[in-house]
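Visitor: Once you have looked at the hints, place chain E on chain U.
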Amino acid sequence: AQRVTQPEKLLSVFKGAPVELKCNYSYSGSPELFWYVQYSRQRLQLLLRHISRESIKGFTADLNKGETSFHLKKPFAQEEDSAMYYCALKASGSRLTFGEGTQLTVNP
Amino acid sequence: DGGITQSPKYLFRKEGQNVTLSCEQNLNHDAMYWYRQDPGQGLRLIYYSQIVNDFQKGDIAEGYSVSREKKESFPLTVTSAQKNPTAFYLCASSRPGTDNYGYTFGSGTRLTVV
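First to last, the sequence lines map onto chains U and E.
The numbering used here puts the first residue of the first sequence at 1, with every later residue one more than the last.
The numbering used here puts the first residue of the second sequence at 1, with every later residue one more than the last.
Hints may be right or wrong, so weigh each one.
Unchecked claim - Computed from the model, here is a short list of chain E residues facing chain U with C-beta under 8 angstroms:
1) 31
2) 40
3) 41
4) 42
5) 43
6) 45
7) 50
8) 88
9) 90
10) 94
11) 96
12) 102
13) 103
14) 105
15) 107
Since the hints were made in silico from the structure, they are not lab data.
Being a predicted model, the structure only gives us computed values, none of them experimental.
All residues carry an ideal CB built from backbone N, CA and C; glycine is no exception.
This is chain E alone, in the form it adopts within the complex:
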């Protein structure tokens, strides 16, 4: 069953800690994305990667880091430098340039700072 999997579903972080959110896809998609979803602000792009070993900053990259060592995986690290990390994080993937272009989204990770 092809799809995109995010884990964990819920994550709690103490102040000053780094945490890593997992995103894995078996759709053979080249591009992967991380968005942050906040009420009233829609989805804001954190980082994206169009190919393995390459990624670009999105609109709100400060306090976040990513890696893309494998096509299937695009983990997001929320560092202690992120001032307001409590949010819902969505990972997505796509196959740019195809006729059925569109994003496939994961089910999300809700991060709470305690």
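So that you can see chain U by itself, here it is in the shape it has in the complex:
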């Protein structure tokens, strides 16, 4: 069975500092990985997908199959990045398996 683990429930950084949100997964096949974000009082929304290899709002994430990781990174955090972040895995079919989430706080 597939599983997604986000080891940090809370992460706090200062504005301008680099930030890395960790995500590890377990799945025997070829996964598709996603990051979703939930800003305060807003809906959960897709941030980025690994197959797009894109940078959204300065965030990037690289799929490392050897380490089964999909960490989310941003070189210079901004206060508006404060939110709950979820890593998700699409194994078979259309269903997504989500991690426990990491609450990121960017302090001024």
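Guide: Frame of chain U; chain E shown alone:
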């Protein structure tokens, strides 16, 4: 304005009662999902439906039931058999197999047992 609508926003239930949460989408998405969001546990899948008149159990289906009679609608019933129903419930939809694959989420329903 296309989107996914959940109602009500807040719902209170007495012990032993069944309640139904509404989820409607006008995105023409084939697949719909129900997740439960609890602090520290992330989102856990309750039920999902990939096509009208068909649905599958997710990871925590016990105490819940669903129907998918129309493409636009996927209501969730929380039955009295659900031992710990107080939670935030999220509905989502998607169009599997497309290049822009991703879930669109509703704004959620907060259910409280009183």
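Visitor: Can residue 96 of chain E be said to touch chain U, with a Cβ gap under 8 angstroms?
Guide: Cβ of residue 96 of chain E sits 4 angstroms from chain U, so the hint holds.
Visitor: For the hint on residue 45 of chain E, does the least C-beta distance to chain U fall short of 8 angstroms?
Guide: Cβ of residue 45 of chain E sits 6 angstroms from chain U, so the hint holds.
Visitor: Holds or violated: the hint that residue 88 of chain E contacts chain U, with Cβ atoms closer than 8 angstroms.
Guide: violated (11 angstroms)
Visitor: Hint validation: residue 43 of chain E versus chain U, beta carbon distance must be below 8 angstroms. Holds or violated?
Guide: This hint holds: residue 43 of chain E lies near chain U, its Cβ roughly 4 angstroms from the closest one there, short of 8 angstroms.
Visitor: Are residue 50 of chain E and chain U close enough, Cβ to Cβ, to be under 8 angstroms, as the hint says?
Guide: holds (6 angstroms)
Visitor: Taking the closest Cβ pair, is residue 31 of chain E under 8 angstroms from chain U?
Guide: It holds, given that the least Cβ distance between residue 31 of chain E and chain U is near 5 angstroms, below 8 angstroms.
Visitor: May I ask you to test the interface hint for residue 105 of chain E with respect to chain U, counting a Cβ-Cβ separation under 8 angstroms as satisfied?
Guide: Residue 105 of chain E check passes; min Cβ-Cβ to chain U is 4 angstroms, inside 8 angstroms.
Visitor: Does the closest beta carbon of chain U sit nearer than 8 angstroms to the beta carbon of residue 40 of chain E?
Guide: At about 6 angstroms, which falls below the 8 angstroms cut-off, the nearest Cβ of chain U leaves the hint on residue 40 of chain E intact, so it holds.
Visitor: Less than 8 angstroms between beta-carbons is the criterion; does residue 107 of chain E satisfy it with respect to chain U?
Guide: Given a least distance of 5 angstroms, the restraint on residue 107 of chain E holds.
Visitor: Using the nearest Cβ pair, does residue 90 of chain E come within less than 8 angstroms of chain U?
Guide: Holds, about 7 angstroms.
Visitor: When the nearest CB of chain U is found for residue 103 of chain E, is that gap smaller than 8 angstroms?
Guide: holds (6 angstroms)
Visitor: Quick check on the hint: residue 102 of chain E CB to chain U CB, less than 8 angstroms?
Guide: Residue 102 of chain E check passes; min Cβ-Cβ to chain U is 4 angstroms, inside 8 angstroms.
Taken one by one, the earlier hints fail for this structure only at number 8.
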